Amino acid sequence: DGGITQSPKYLFRKEGQNVTLSCEQNLNHDAMYWYRQDPGQGLRLIYYSQIVNDFQKGDIAEGYSVSREKKESFPLTVTSAQKNPTAFYLCASRGGGGPYEQFFGPGTRLTVL
Amino acid sequence: RKEVEQDPGPFNVPEGATVAFNCTYSNSASQSFFWYRQDCRKEPKLLMSVYSSGNEDGRFTAQLNRASQYISLLIRDSKLSDSATYLCVVENSGYSTLTFGKGTMLLVSP
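Chains as they are written, first to last, in the working numbering: chain A, 1 to 113; chain B, 114 to 223.
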């Protein structure tokens, strides 16, 4: 089955630690995205990548980093510089051409202890 | 900043009711519009794209008014399974990114 996978589903982190969230897709999509969702809030864009070895900052990139070494993979690192990292993190991808709908993975819930 | 505004909700309706969600957007250059559905603690899933002429998919009808920068979603004959949060989503022209509204929660009761 084609789709987007994220791991782990739940992640607990101590303050001051960096953690990396995994996102993999086998849809052959060029573009990939990372969002953060807080309770009662909309999705906010952290980073996105339209092609391998290239990525752009979204609206809330501070405290996060990404890489795009393979088309299938777009890992997100939440660094200790991120002041409020507890949130639901969603990865998405989009194929080439229009329209621009994105397809989401199941998400990772990160909790800082 | 490009914004997407939705009714805050929640909307509480009985089974069989018709319910309408409204959404306004600020980016007049946007060309693509969507409604996503998000169940509690799950990822958003595409419900339907919104086309200029309006479009229908079973009990769901989406309308777009470009002049007023307004999008709507109508759900007829509500089912218990329609209970979810509905997200209005607008493409950011030229950036291949999307802006999401905060969503409107729908609760359908027996």
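Keep in mind that the hints were calculated from the coordinates and are not lab data. Among the hints, a few may not be true.
Below, simulated EDC-like cross-link-like pairs (lysine to aspartate or glutamate); rule was C-alpha separation at most 16 Å, straight line [as the list claims (entries may be wrong)]:
1) B:Lys-158 to A:Asp-30
2) B:Lys-215 to A:Asp-30
3) B:Lys-158 to B:Glu-118
4) B:Lys-155 to A:Asp-38
5) A:Lys-71 to A:Asp-30
Quick partial rundown of chain B residues pointing at chain A, CB under 8 Å, derived from the structure [unchecked claim]:
6) Phe-124
7) Ser-141
8) Ser-145
9) Phe-147
10) Leu-160
11) Ser-165
Treat the numbers as computed from the prediction; the structure is a model and nothing was measured. C-beta atoms are modelled at their ideal positions from N, C-alpha and C, and glycine is treated no differently.
Hints and how they fare:
For the hint linking Lys-158 (chain B) to Asp-30 (chain A), the alpha-carbon distance of about 19 Å lies beyond 16 Å, and the restraint is violated. With a C-alpha separation of about 27 Å, the suggested pair Lys-215 (chain B) and Asp-30 (chain A) falls outside the 16 Å cut-off, and the hint is violated. Of the pairs offered as hints, the one joining Lys-158 (chain B) and Glu-118 (chain B) is violated, with about 19 Å between alpha carbons and a cut-off of 16 Å exceeded. Taking the CA atoms of Lys-155 (chain B) and Asp-38 (chain A), the gap is near 13 Å; set against the 16 Å cutoff, the hint holds.
Distance restraint check for Lys-71 (chain A) and Asp-30 (chain A): the Cα-Cα separation of roughly 7 Å lies within the 16 Å cut-off, and the hinted pair is therefore satisfied. Using the Cβ-Cβ criterion of 8 Å, the hint placing Phe-124 (chain B) at the interface with chain A is not satisfied: the shortest such distance is roughly 16 Å. Contact between Ser-141 (chain B) and chain A, as hinted, is not supported at the beta carbon level, the nearest pair being about 17 Å apart and thus beyond 8 Å. Annotation: interface hint on Ser-145 (chain B) holds; nearest CB of chain A at approximately 4 Å, less than 8 Å.
Against a cut-off of 8 Å between C-beta atoms, the interface hint on Phe-147 (chain B) holds, since the closest Cβ of chain A lies about 6 Å away. Residue-level restraint check for Leu-160 (chain B) is violated (minimum Cβ-Cβ distance to chain A is 10 Å; threshold 8 Å). With 8 Å as the threshold, the beta carbon of Ser-165 (chain B) stays out of range of chain A, its nearest partner Cβ sitting at about 12 Å, so the hint is violated.
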